[in-house]
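The listed protein sequences correspond, in order, to chains A and B.
Read the first sequence against the numbering used here and you will find it ends at 410, with the numbers running on by one and no gaps.
Read the second sequence against the numbering used here and you will find it ends at 1145, with the numbers running on by one and no gaps.
Careful, some of the hints might be misleading.
[Unchecked claim] Here chain A is said to cover these stretches of chain B; the calculated rule only asks that three of the stretch's residues, wherever they fall, bring their Cβ under 8 Å from a Cβ of chain A:
(1) 1029–1035
(2) 1083–1096
[Claimed, not checked] List time: in silico BS3-like cross-link candidates among lysine-lysine, alpha-carbon distance up to 30 Å:
(3) B:K1129 with A:K109
(4) A:K109 with B:K1110
(5) A:K310 with B:K1110
(6) A:K183 with A:K194
(7) A:K352 with A:K55
(8) B:K1119 with B:K1129
(9) A:K109 with B:K1119
(10) B:K1028 with A:K310
Since the hints were derived computationally from the structure, they do not count as laboratory data.
The beta-carbon is built from N, C-alpha and C at its ideal position, and this holds for glycine as well.
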Amino acid sequence: MLRGSLGAAALVGLQACASATKLAQTSAAPPPPLPGKSISLVPLRVSLDQLIDLKCCLRPLRAAGPNLGTEMVRDTLVVHNYGHGGSGWSLSWGSADVALGKALTVFPKEIAVIGCGIIGLTTAVLAQQYGLKVTIYSRDPIQRSRSFRASGSFTPSSRIALAEPAGPAFGDLWEQMARFSWKAFRTCLGLPGKPVEFTESYGLSDTPPQRRVWTPDPAITDSYATKGTPLQHTEFAHLDERIRDIVPQSVALAPEEIPFNVPYATRTSQMHFNFSSYAHMLQSEFFGRGGQYVMRDFATPAQFADLKEKVVIHCTGYAARDLINDQTVIPVRGQTGWLVPQPEANYGVRYKNVSVLSKADGVVVQNNSSTPELGDMLGVGNSMELVNRADTEAALKIIAPVFAPAARQA
Amino acid sequence: MVRHARFVAILAAPLLLGASPSGTSTLKGVYTEDQAQAGAQLYATRCAMCHGRLLEGTFETPGLQNRFIVNWSKAPLSELYDYLGRAMPQFAPGSLKPDENAKIVAYLLKANAQPAGAKPLPADTAALKRILLEPVSAKAALKAK
Ligand SMILES: Cc1cc2nc3c(=O)[nH]c(=O)nc-3n(C[C@H](O)[C@H](O)[C@H](O)COP(=O)(O)OP(=O)(O)OC[C@H]3O[C@@H](n4cnc5c(N)ncnc54)[C@H](O)[C@@H]3O)c2cc1C
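My request is simple: use the sequences and hints to build the entire structure.
See the structure below:
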């Protein structure tokens, strides 16, 4: 067991006072530990022999935020629902609700949904809940979509838009979608197979944690406006403050509580999605309500109008860039490594920009470290969708020391 | 669910669309801009806390665009007017004065792409029975977005 050492408590008592003052600058003050209690955790096995999968994926970033616009293709109303950046899972229900709201204004009885990633499948199920007959036309089922190559946490404003081009009104729409989705996910908590789950996530560091404050780099004079692509982190929209009232925030742990081989730690409760059971849940509902799935690959948007359904919701994610020639879709490459599931070690850890999260569908490892720190710029403009094993190996090396046995004796 | 039953019945008889013998339709412009503006102010103070500043609703409370207008379309406008008079705002049903109610209905029509006109919407159930809430065409709805 990893265990915050009670014995050490007295020893570090003085330091604890000093560091607690520093910590207060970034997080809420630590609550007094329950008498005689320290956090005990089963250590995660983060060795290379546990690695069972590597996945790479492109986040479909649009500067203006997801495309939820509408257009007529001959006699067919097309409602778009794509371009959710690093937030597609998190915003899926709210975004589906917005898109369907537009579709419903023309009184359809049946609709087509194009694409079966998390956006398409969720849109299809919500449409059924609104009383519509739904057929999904897609090249691949969700298990083979890019959505299954995400990491799967509730991160609703991750690479969702750029602040300037999206404009001030986007914040309201985003908040509506984020709140709607949050409530929808809440209805999945506690279901068999745990499609949605909360776990504790620990932010670890060797130095007192400081919230990274990004300021625009004066050396960079160009921006999305001049180059058509963002050039620095501060161009991205960061909206999480708007839903602070419902999303758990981090608290600092007292030194004697910290069950890892580091001097500083914060803890937060994080909502995540277990892909296998979540997809199973949605597919069961979709087919249970009589939904039809047709394997179909579209070459042009003109083909949307060939479908018998005259209302079409278009959810092809990154593929929309080519399919409907939306060159405003910017690829943001991301890679995940997957370790053997470790249900007995049910938590997540972040350390030096490497994150490890233990989920029912595997332990997901992400390496967001870079020098200099790139923040949201990491992977922007990179459409190389092949995995790089060395990147995940490096992540495991970086994170391994926090689970080192030394921590357990100290 | 009375309203739901009505919705189904209407879907079953789509050919009645537009048939409003001796009456008129919301597409002809049945409220004034001034009325809708006054309605927007009433909405902001009496309704927005539940239905959202932008009429967006929440996971639990219905929004008052899109799906809402579908629910109430193809029926006399009196149904919506009477419902608001009876049931809204939910914490104080029956508290809307008839002219306030008409202003709010005008605002909801405007927010759902229905055109304004020269004459104000009457604050009177019998008169509103002769006005059909007709959906705007897909193209007009798109333009308004
Ligand atoms: C590394 C990484 C980590 C991420 N982590 C998170 C996270 O923690 N939380 C979060 O919310 N989001 C996360 N994301 C973002 C998320 O993965 C995306 O926003 C989401 O997958 C987009 O879903 P989608 O349904 O729009 O697209 P996709 O999953 O790409 O689905 C598109 C669908 O359309 C079909 N299709 C495509 N082209 C055609 C065609 N021509 N004809 C017919 N069908 C077609 C495909 O087969 C597929 O079914 C992450 C992304 C990456 C890369």
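### Task
Mind checking the alpha carbons of K109 of chain A and K1110 of chain B for me, to see if they're no more than 30 Å apart?
holds (25 Å)
### Agreement of K109 of chain A and K1119 of chain B with the hint, judged by alpha carbon distance not exceeding 30 Å
violated (35 Å)
### Query
Between K1119 of chain B and K1129 of chain B, is the straight-line Cα distance small enough, at 30 Å or below?
Since the Cα atoms of K1119 of chain B and K1129 of chain B sit roughly 16 Å apart, the hinted pair holds (cutoff 30 Å).
### Query
If you draw a straight line from the CA of K1028 of chain B to the CA of K310 of chain A, is it 30 Å or shorter?
Judged against 30 Å, a Cα distance of about 27 Å means the pair holds.
### Check of the stretch 1083–1096 of chain B against chain A for coverage (Cβ-Cβ below 8 Å, three residues minimum)
With 0 residues in contact (Cβ-Cβ under 8 Å with chain A), the coverage given for the stretch 1083–1096 of chain B is violated.
### Query
Taking 30 Å as the top limit, are the C-alpha atoms of K1129 of chain B and K109 of chain A close enough?
holds (27 Å)
### Query
Going straight from one Cα to the other, do K352 of chain A and K55 of chain A come out at no more than 30 Å?
Holds, because 21 Å separates the two Cα atoms, which is no more than 30 Å.
### Query
Is the hinted pair K310 of chain A and K1110 of chain B satisfied, with a Cα-Cα distance of at most 30 Å?
Status holds; Cα separation ~26 Å.
### 30 Å Cα cutoff - pair K183 of chain A, K194 of chain A
holds (16 Å)
### Message
Quick check: do three or more residues in the stretch 1029–1035 of chain B have a beta carbon closer than 8 Å to a beta carbon of chain A?
### Response
violated (count 0)
Checked against the numbered hints given earlier, the structure breaks hints 1, 2, 9 and satisfies all the rest.
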